[in-house]
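Chains as they are written, first to last, in our numbering: chain A, 1 to 329; chain B, 1 to 329; chain C, 1 to 329; chain D, 1 to 329.
In case anyone wonders, no lab produced these hints; they're calculated from the structure.
One or more hints might be untrue.
Which copy is meant is left open, because identical chains are indistinguishable; a pair holds if it fits in one copy or across any two.
Derived EDC-like pairs (lysine to aspartate or glutamate); straight-line CA-CA distance at most 20 angstroms [what the hints assert, rightly or not]: (1) K243 with D197; (2) K82 with D71; (3) K323 with E187; (4) K130 with E184; (5) K243 with E137; (6) K82 with D168; (7) K108 with E183; (8) K130 with E97; (9) K307 with D294.
4 protein chains.
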Amino acid sequence: MTTLSFAVLGAGRIGQIHARNVAANGRVRLTGVYDVDAGAAQKLAAACGAQVIGLDAAFDADAVVICTPTDTHADFIERAAKAGKAVFCEKPVDLSEARVRACLEVVKAAGTKLMVGFNRRFDPSFNALKTRILSGEIGSVELLTILSRDPAPPPVSYIARSGGLFRDMMIHDLDMARFLLGEEPVEVFAAASALVDPAIGAAGDVDTAAVTLKTASGKLCQISNSRRATYGYDQRIEVHGSKGLLRAGNMTQTTVESATASGFTTDPALPFFLERYAAAYRAELDAFIDALVDGKPITPDGSDGLKSLILADAATESAQTSKPVRVSL
Amino acid sequence: MTTLSFAVLGAGRIGQIHARNVAANGRVRLTGVYDVDAGAAQKLAAACGAQVIGLDAAFDADAVVICTPTDTHADFIERAAKAGKAVFCEKPVDLSEARVRACLEVVKAAGTKLMVGFNRRFDPSFNALKTRILSGEIGSVELLTILSRDPAPPPVSYIARSGGLFRDMMIHDLDMARFLLGEEPVEVFAAASALVDPAIGAAGDVDTAAVTLKTASGKLCQISNSRRATYGYDQRIEVHGSKGLLRAGNMTQTTVESATASGFTTDPALPFFLERYAAAYRAELDAFIDALVDGKPITPDGSDGLKSLILADAATESAQTSKPVRVSL
Amino acid sequence: MTTLSFAVLGAGRIGQIHARNVAANGRVRLTGVYDVDAGAAQKLAAACGAQVIGLDAAFDADAVVICTPTDTHADFIERAAKAGKAVFCEKPVDLSEARVRACLEVVKAAGTKLMVGFNRRFDPSFNALKTRILSGEIGSVELLTILSRDPAPPPVSYIARSGGLFRDMMIHDLDMARFLLGEEPVEVFAAASALVDPAIGAAGDVDTAAVTLKTASGKLCQISNSRRATYGYDQRIEVHGSKGLLRAGNMTQTTVESATASGFTTDPALPFFLERYAAAYRAELDAFIDALVDGKPITPDGSDGLKSLILADAATESAQTSKPVRVSL
Amino acid sequence: MTTLSFAVLGAGRIGQIHARNVAANGRVRLTGVYDVDAGAAQKLAAACGAQVIGLDAAFDADAVVICTPTDTHADFIERAAKAGKAVFCEKPVDLSEARVRACLEVVKAAGTKLMVGFNRRFDPSFNALKTRILSGEIGSVELLTILSRDPAPPPVSYIARSGGLFRDMMIHDLDMARFLLGEEPVEVFAAASALVDPAIGAAGDVDTAAVTLKTASGKLCQISNSRRATYGYDQRIEVHGSKGLLRAGNMTQTTVESATASGFTTDPALPFFLERYAAAYRAELDAFIDALVDGKPITPDGSDGLKSLILADAATESAQTSKPVRVSL
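Isolated chain A, as found in the complex:
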């Protein structure tokens, strides 16, 4: 077996994660890093012992890892598909459902592989929830609670082009809900506010949100999001089933606990996704490589990206209209 070659497009925060993981993964080879910002590409390439490559050269690799801005994702996916290359693309495929559908058609026609970066499915704890649910340990899932809070809001400039909280942030939780419910939601209700920063509200977005999903058989899911958490990146899930409950919580830097007159204190949660999901990103890449090597279907794929976007669109509409929105996935 010859080692698969990988090109990374985009040398930003998430591109850096993936490039380093590709470089450190013994099963694949990082052929190069591309970015419109040549300096950023150069810096990342050097850190990974790889070279800077042009956009055309990137599509010569066996697999392309797309970490560029959202509005380039669909075009790059299509270009790679037409070149017969496998693609790992950061979420979302696009902010427009129609554009996503068109892109997935191209991929389907090309018969190539496309994985979408819902990294949380590969978090060891969240992944264990799924495995243990499937084992029957808690019987039938009845009610899912997802608590997800960022440490601080992004700049309003980012908010403006993000597609809004539901498509930018909650889309991860919506994918997780689908992953763990084992049944597609049919109804979405969202209540949301701009409580963290009035500028977010002025930009037409929200920063605090509560969503309810219901499936055809009546399973329920509650998701809450906030763009603020003073105690770190808050990422928790709890699954209530007919035979018991499973939950997974935050991670801390150390296990140290202090005791004083103020009480017993442990570390805050890990600061943000880079730290919290470090193992998840590695496992995600491994799953992608596994699928390339063994020829099996990829999970999560483009259709998962599409379905989460449909849910995010529905939540956005629900928050704006104060009415539940029916969806058909």
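Model the placement of chains B, C and D on the given structure of chain A, informed by the hints.
Coordinates of chains B, C and D only, in the frame set by chain A:
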């Protein structure tokens, strides 16, 4: 100061709690216990070192503790009010908003005191949440999460006359939401299912529910209820504020933890409300006595009973229509 | 069955606990409270709805609860025994092994019952350790760890007449070691220092101590004591057995946890023994009453008081000589 | 700066850890792996993208990582020192104090660097204990508790040549005690038994041990060891100071917790040192490289290896004689 005399109406499960607490409270005197079931009254009276009394005699006491079936509450409250007596009444005042309003008018006209039994406000941990929110410790409350699960569903015969899950069970959580949000909800959305027992669904009720509340300023609250929890009575609250998070959790019988190849295991949660809220019931009685002694207003009072019922009615309607319901408290 | 009458001798801190528990216990009757300080006796009697009695009258009750200063214990036990009365006596019976032995002879000769106040055996969590060890859940006990710290040292004036840390404070842990090891220690080694307060060292005592016990079959126990703990009354036990570990920990006032940039913080431990062992004192009294009612032997009895004193004497000697001391219980 | 070259001697369990970490560390270069078992060397070299080298070639590298059997350590250290090479050596330097002293003289004469592999000092949680103690957060350290248990005993054949539990296993805890007490022990007392496996006792060793250390100023330390823990590798430390307590605990594979009628259950502890100390081994290598690059003294060095051995020897003697042993470090 002469010791205040208390009569307890109703010798059922909750009447037993209150009668024993009155008997053990050094500041008041239990004059007697009344129940339509003379044997039950006799048994409870004996256990408390008190006597069985007739219904008329009960209203001779300084204060009447009403623990009889729901459909008698409003009548007994009115009778006590007209006799100039203070009343502690278990929730709800009545299942009909109109009947509650009429009853509260009678109490208002009489100028007597009425406390409604939202015991959870007096749970040491939940009460500490309130105190610490008021201290400003977590800044402005933004998002409240209430998880509340009974260990097992009541008999379907009880369900049928209970007013349904929202009026019977979630009404406690709705009161807690008002208590902790510090602002009245203006919108209620409910999604609910009968997942625990099909017979509950056949009786027209639900056993699993997810409710979202929103206040005028945009604060959000998510409540989840289930009639089933294999691990005990699950009663948890989490308050997310601009400066941090406060949460309060379940209680266990002991602090014992075991460690084996299966992992680290602590006790399940306390079995049900009698155990979990034992301290809350005592503190609730103390608060009632305090108000009688110092002449200050009672909290929670009849209007709190009314407002929680209005929220429960709204949740019931929302679950049936799949539409959010506006409320004005 | 006629209700047993109880007299309480001593209206200090511990006498108040027992008097209130006797008064609140439905199975016995508090006939009166005695104290050399008539005012203290009067105040406690009033709080319990009982009367002040003289010393002679106290020994007319069916049972005597001795909570007076240590140097009166043995005399009062003997007087009660000779009067055919049951005795509950706070630890220790006496600070002199010889005096304890003489006293127990008198009790033996009288054939009366004597319970010694090792309250911790009745703590619900520590008691559950014992029950679960006996159930075989963790196999054979191999290594016991007892961590026990007072929140702050007593006045040096108290230290001077206390018998020293091992007889005054660690005696509880030594009794607990015997209770949980299920086998008598044969060797005691103690290392100790005065680190908390030099005045304690100047008074000839220590405030920080580490003791090792070894049984004939080789089971080990480590005990640590400190007269200082800024975070409350620290009372923890961990039992390591061939099949697993059992541990029991501190209790807190509430279950509230806060999360901020400083981390996740729970309450400090309950402040001191009155709060921590409130349930234990009630259960202890119940066990004493049970034994009086059913005629069965009492546990812990005078011999338990004697054996713990012998271990405390051995620890004292070991700390002074820096040599392990052999004991034969 | 030219990249430093490293050679790894020994391709066993611990050699594999170090070789992989060297290979993955961007600041150094793995020149080769040596082992008397050529197959083992080949396999490890291949996994690390390095080559197999002979013993002579190993000493051509800038630094030598010694992971061979204990009886070769001192010879290899001396050979490297004489060749002017830096050495990282797994503990212990040797089981004989005299041999260690002689070896350290050679290193001293050569003026080369020697780091000894007390990996636990680099565990993020235990290291944080040290940092926070030094910050003054808990005032003066008074009492240290170290609980350390292996999941299962090694083969008796290993026991026989291990130097015994104190030199083989507890030496890590003795080093940790020195690290955290901030003051050298002057007295060692050990009580120990063979409770896990009679064959260990027959081989002249123990498998369960309790050690007490005392420093000149009276600080105390209790260490307990067992060769058995059904719930994983148990590694916990608690530091009691004048102003509070700091503790660090076990790590688990995931944060998942289940709740059923049996209670709330989390994962067992990580299985053994490879998993538990993975981050520690990486940090240890980084510290070694830091010292090579910046020319500063190495910690822990050969004298730390010597002092821990002296404490282990003292504990061994104490356990055999049942007497405390004085030491002068």
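Each hint, compared with the structure:
1. K243 with D197: between (41 angstroms within a copy, 13 angstroms between copies)
2. K82 with D71: within (19 angstroms within a copy, 62 angstroms between copies)
3. K323 with E187: both (10 angstroms within a copy, 11 angstroms between copies)
4. K130 with E184: within (15 angstroms within a copy, 38 angstroms between copies)
5. K243 with E137: This pair counts as within: shortest intra-copy Cα distance 7 angstroms, inter-copy 24 angstroms.
6. K82 with D168: Classified as neither; 28 angstroms inside a copy, 60 angstroms across copies.
7. K108 with E183: neither (24 angstroms within a copy, 52 angstroms between copies)
8. K130 with E97: For K130 and E97, the Cα distance exceeds 20 angstroms both inside one copy (27 angstroms) and across copies (44 angstroms).
9. K307 with D294: So K307 and D294 fail the 20 angstroms test inside a copy (26 angstroms) and across (54 angstroms) alike.
Checked against the numbered hints given earlier, the structure breaks hints 6, 7, 8, 9 and satisfies all the rest.
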